[in-house]
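Participant: Read off the chains here:
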Amino acid sequence: MASKLDTEKVREALRRFTRRQMMELDTCAHCALCTENCPAYADSKIPNYAPGVRSSKTLRLINKQFGLRARLLGPNPIKADEVADLADSAFNCTLCGRCMETCPFGFQTHELWTGVRCLVYELDGTLPRVKMLDQMLRETQNPYGLQAEMRLDWADYTGLEDVHVKDRADVAYFVGCTTAFKGANHEVAYSIASILNQLGEDWTLLAEDEWCCGSPLLLAGNEEGAREFAEHNVEALEARGVKTVITGCAGCFRVFKWEYPKLLGRRPSFKVIHAVEYLRDKLVAGELKPDLLRANVAYHDPCELSRLGGVIEAPREALRRLAQGLVELPEHGIDVRCCGGGGLLQAANNDLRLSIVKRRLDQAVEVGAEILTSACPACKLAFVDGIRASRCEIEVLDVMELAARQLGLL
Amino acid sequence: MNSLITFFYTFFVEKLPYITIAIFLLGAALRATRWMSAPKDPEKSQISVTAAVKYIILDVVFFRKTFKSDKVIWLIIFLFHIAAGGILFGHMRGFHIWSAEMFAPLGEWVAEFMVETLPVYMGWLFIATQILLLIRRVLLEDRRLASLPNDYLALILLLITSILGQGMRIFPPEAIPTHTYSVVFIPGLIVLHLEKVPSFHWFFLHILFTQLFIMYIPFSKLVHIFSGVITSALYGSRRSEYGL
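Top line first, the protein sequences correspond to chains P and V. Just so we're aligned, residue 1 is where the first sequence starts under the numbering used here, counting upward by one. Just so we're aligned, residue 411 is where the second sequence starts under the numbering used here, counting upward by one.
Hint data in this document are derived by calculation from the structure and do not stem from the laboratory.
Listed below are several chain P residues computed to face chain V (Cβ distance under 8 angstroms; list not exhaustive):
hint, residue
1, Met22
2, Thr27
3, His30
4, Thr35
5, Phe66
The C-beta atom is built at its ideal place from N, Cα and C for all residues, glycine as well.
With the hints as extra help, turn the sequences into a complete structure.
Facilitator: Structure, rendered in structure tokens:
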């Protein structure tokens, strides 16, 4: 018989849903209109991964404890199996937020599903691999379990000579773990650093003092852990008198810009911009003069930068000044189809991630793209893995790499 | 037997409306308490009224997002809501909110169309779209969705109510009074004025199911009639906050 969970603990965990989220769960008509556009469902056809099913299951748990029947006859116990089933649904999701854009009622699903993950986390139902990731983050402050001294290895590997690690600077380049520790992204860091150097910015890295932005902790459901990481990073940046934080990672950008104020209950003293916004500004101002590439370049909007971050036009404006043939992918901008690289799906279900990325790569091939660009290290990794798995002939570059290349820096 | 039927029919008209209103208000209060007792959302920038109104119009009135996702479903849902709105509007005439004479300046045939022809078509459209939505839900069940019992109950209750309402229209009336026939639900507050006295069984069962439906609104997904407007407004405001 499946074990029943401690009622008080369950009730406490279920109380985490905010007013808006409760309203959303109660309003969800389970119309399934979100389903076909959900990359996890579309590429698996597993009902449990459909957003509407997740909503039903979450509401069932809430109603077992706080529904009308529970009020009149007492709460119904929740079994560990039910939490495991909800965890399976919650983590087989890229948290891309596409369901928000298809929901007729406009539910802010990214936050809702993150809340479900937090619920699962608090009820100890997190998937084993996600639990390992959470553990590694708490021990090493990065999701790869690597030592902090290795945060600057990318500079050695790429041969960057002018590395700035200062006590005070106007601009901080927040590299992010997936850029700093994953070889496929080292040249992204190199490109951003080189452009900052070329423009003579007063910039710095946090180096060993940089902790993970906290995004993977939030995605794992560990809100408290994310808050601790946010406090550390903000403190480190404010102590250096930083006015602007630039990051090339869509996940770091979203968390810094949109989640840190919520986690900390205040706005940090610095401004946060994504590297593509910085690049666009400098290109528009004529401070950077790249050669125009003659090739068909497609841009994949990272979900966390576009739909969930609010940056859609800046990379396109930059790309129009870098390449002659900017081609649009079929589902783009606010309606972007996720590449599969987000939401810790790699840890939860890598096969599903690869099948999602294959669909996106196929779309890029269909529009005749020779180079597929993005502005997120997780997207780049997903595309690189997808190309390896499907032997697709397309070059994958970060917008910043393409810029550095056209500026003769890479 | 007749006295029992008379008792029930009288009950549906004279007593049940009070119970319906009480249950509806209680349900609404319970629902509001449930939402308000949840933690507040983290502080956000101010609600953008312009964006909220814009997305209420686009998403609640025109079902923009459904149109983007699935044109066929959009058509069914749009027609379903048009029919629902039309039927609701039609009922308002019985409560003297509007009258056929208001359309008379547009021509006698327009007024007749508004009160005789259109309601019948709206009724069929309403029933047909509900059946399509019910079939869709059954077909998608276990493949794409895991409906809660109340998802079905709401739809079935509405379907029964509308079939009974349509029955009243298509079956011959019981009588045509010289003046309007008044059905007093709540004296001085809710009085229905009928030009034709419909078949009593259809009429009283329609009244019963309509009230069951109204009672059920705050306890079911039908709450989206109200909350869907709020969530769409919040979505619109978020887009504005994010510069989208």
